[in-house]
Amino acid sequence: MTEIFEGLKAAIWLIVTFDADLYEIALRSLYVTITAVIFSSVIGLPLGSYLALRRFRRRRLVVALLNALMGLPPVVVGLIVYLMLSRSGPFGVFGLLFTPTAMIIAQVVIITPLVASIAHQAIRELWAEYHDLLISLNATRGQRMRTLLWDGRRALLTASLAGFGRGIGEVGAIMIVGGNIDHVTRVLTTAIALETGKGDFALALGLGFVLIFLAVAINLLIHRISGTEVHGRW
Amino acid sequence: MVGSIFPVEIADVTVRKRGQALLDGISLSLAPQGITIVMGPNGAGKSTLLKALHGMERLNGGHIQWSQPKSVTQKRQAFVFQTPILMRRPVIDNVAYPLTLRGVSSAEAREKARQWLERVKLGPAAHQHAAELSGGERQKMALARALIGEPELLFLDEPCANLDGRATREIEELLLVANADGTRIIMATHDMGQARRLADDVVFLNKAKLLEHADAQAFFESPTTPQAQAFLKGEIVE
Ligand SMILES: Nc1ncnc2c1ncn2[C@@H]1O[C@H](COP(=O)(O)OP(=O)(O)OP(=O)(O)O)[C@@H](O)[C@H]1O
Ligand SMILES: [Mg+2]
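Residue numbers (numbering that gives the first Met the number 0), protein chains in the order written: chain R, 0 to 233; chain W, 0 to 237.
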């Protein structure tokens, strides 16, 4: 109990004293994950919607693959991205290993299947609801697509938020490809792992509270902006 | 109007799903005016018949031939489904939706939607979210959405199933007005009183088969099949 209390105290202390390291680490966490979520959404939302709306031969296979990718352990993704980006790997010439960009790439790989899968599920449900109406009104393929994406926009936003949740708390992959280098690639989760390893539980917990606070704050902010709380129905 | 979708030829229509016949050899001739009521016990095939006529069922036999090509025909028809389909939008945008699909500007579509909402007495709910409406209000919204496109033919699948007496009367009045303005109506209902009030002719289905198609008066006064006689007496139809 005292450790949690100490952690809370440490967190408040870090925040109210505008601890420069803490802000730097927190901002880097946000930068990495938000950038990854943007890329993942750009890829995953259209992909998921497409899979929900178009029938093609290998659709089932792609959906199954997506669900399998969703369960990939982040450390394995980290390892693969590491091998790709390491000096002897195919993308070694870009010198990206141990940079925030490498962490973003790893997170995009982890988050995209999740975003696509949730988007797929959501749009498929909406299509089932709207099917008879859209067919009856003779909506063209393009009109159907636009209607479903527009009316499903909140569900799509949820998919992105789920991606953010997965990314901001992820440690395995970014530890491997980022290396947890102070002032370069250290983020909240890797810092927590480090402090815990060193036995500084108060600081680790303090960082943990900051992490939770960030995740909740971002979710609330987005809901506020999109007005989901007001309208209730997704 | 550029040429009516009537007359329609409905010959030997059969719809099967999972080996079971939902419609079995239905032939019908429908007059270009009036209100046709489709009756029959649960599972008789009423909804399936309406959807088939609307071009939403794949036929396993027979044919339905309207006097206009399929694309034109479906645009001149509207369908109110047994359970109202709610779009995740405000009520007014639900009603305006068919017009926006046709390329009407959103301002004009909303203005018309507002007028229709007044007519179905949903004016005050215009800016609520559709999911907030009561069961009866949802059905009125679906009716307004169907009528806004001024269809030549309107299908209704038990549109008053959840409505109280007053709301049912309101809808019936709207349907009579629409019909007087030239909208042909084909409607499935379980409500015997409603059928008597509205029907010009009655189609009676049982177990996927057409048992009777007659003038309303003839059907209610002297049904010819024992099944229809039993149905009208409120007995269980075998
Ligand atoms: N997609 C489907 N696959 C298999 N059977 C179906 C399907 N759709 C409907 N049926 C069956 O077809 C029969 C007729 O259905 P339909 O909905 O036309 O009946 P209905 O006369 O409208 O009944 P109700 O009064 O309950 O609305 C029912 O027995 C139903 O179970
Ligand atoms: Mg039915």
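Simulated from the structure, these hints should not be mistaken for lab results.
Where is the CB? At the ideal position from N, CA and C, for every residue including glycine.
Misleading hints may appear alongside valid ones.
Cut-off 25 Å, straight-line C-alpha distance, at most; resulting in silico cross-link-like pairs (DMTMM-like, lysine to aspartate or glutamate) [what the hints assert, rightly or not]:
(1) W/K111 <-> R/D150
(2) W/K74 <-> R/D199
(3) W/K74 <-> R/D18
(4) W/K69 <-> R/E124
(5) W/K208 <-> W/E169
(6) W/K74 <-> R/D131
(7) W/K69 <-> W/D23
(8) W/K16 <-> R/D150
(9) W/K16 <-> R/E128
(10) W/K74 <-> R/D181
(11) W/K111 <-> R/E124
(12) W/K206 <-> R/D150
Label-pair distances were calculated between CB atoms; the ranges are [as the list claims (entries may be wrong)]:
(13) W/E110 <-> R/A19: 34 to 44 Å
(14) R/G141 <-> W/A130: 39 to 49 Å
(15) W/M55 <-> R/L26: 46 to 56 Å
(16) R/A216 <-> W/G42: 51 to 61 Å
(17) W/H126 <-> R/L220: 18 to 28 Å
(18) W/G2 <-> R/E124: 21 to 31 Å
(19) W/S70 <-> R/G94: 52 to 62 Å
(20) R/L220 <-> W/G134: 28 to 38 Å
(21) R/A216 <-> W/H126: 24 to 34 Å
(22) W/R17 <-> R/R58: 17 to 27 Å
(23) R/Y30 <-> W/P68: 53 to 63 Å
(24) W/K208 <-> R/R58: 50 to 60 Å
(25) R/D181 <-> W/A130: 24 to 34 Å
#### Entry: Numbered hints the structure breaks, given as an ascending list
2, 3, 4, 5, 8, 10, 11, 12, 13, 14, 18, 24, 25
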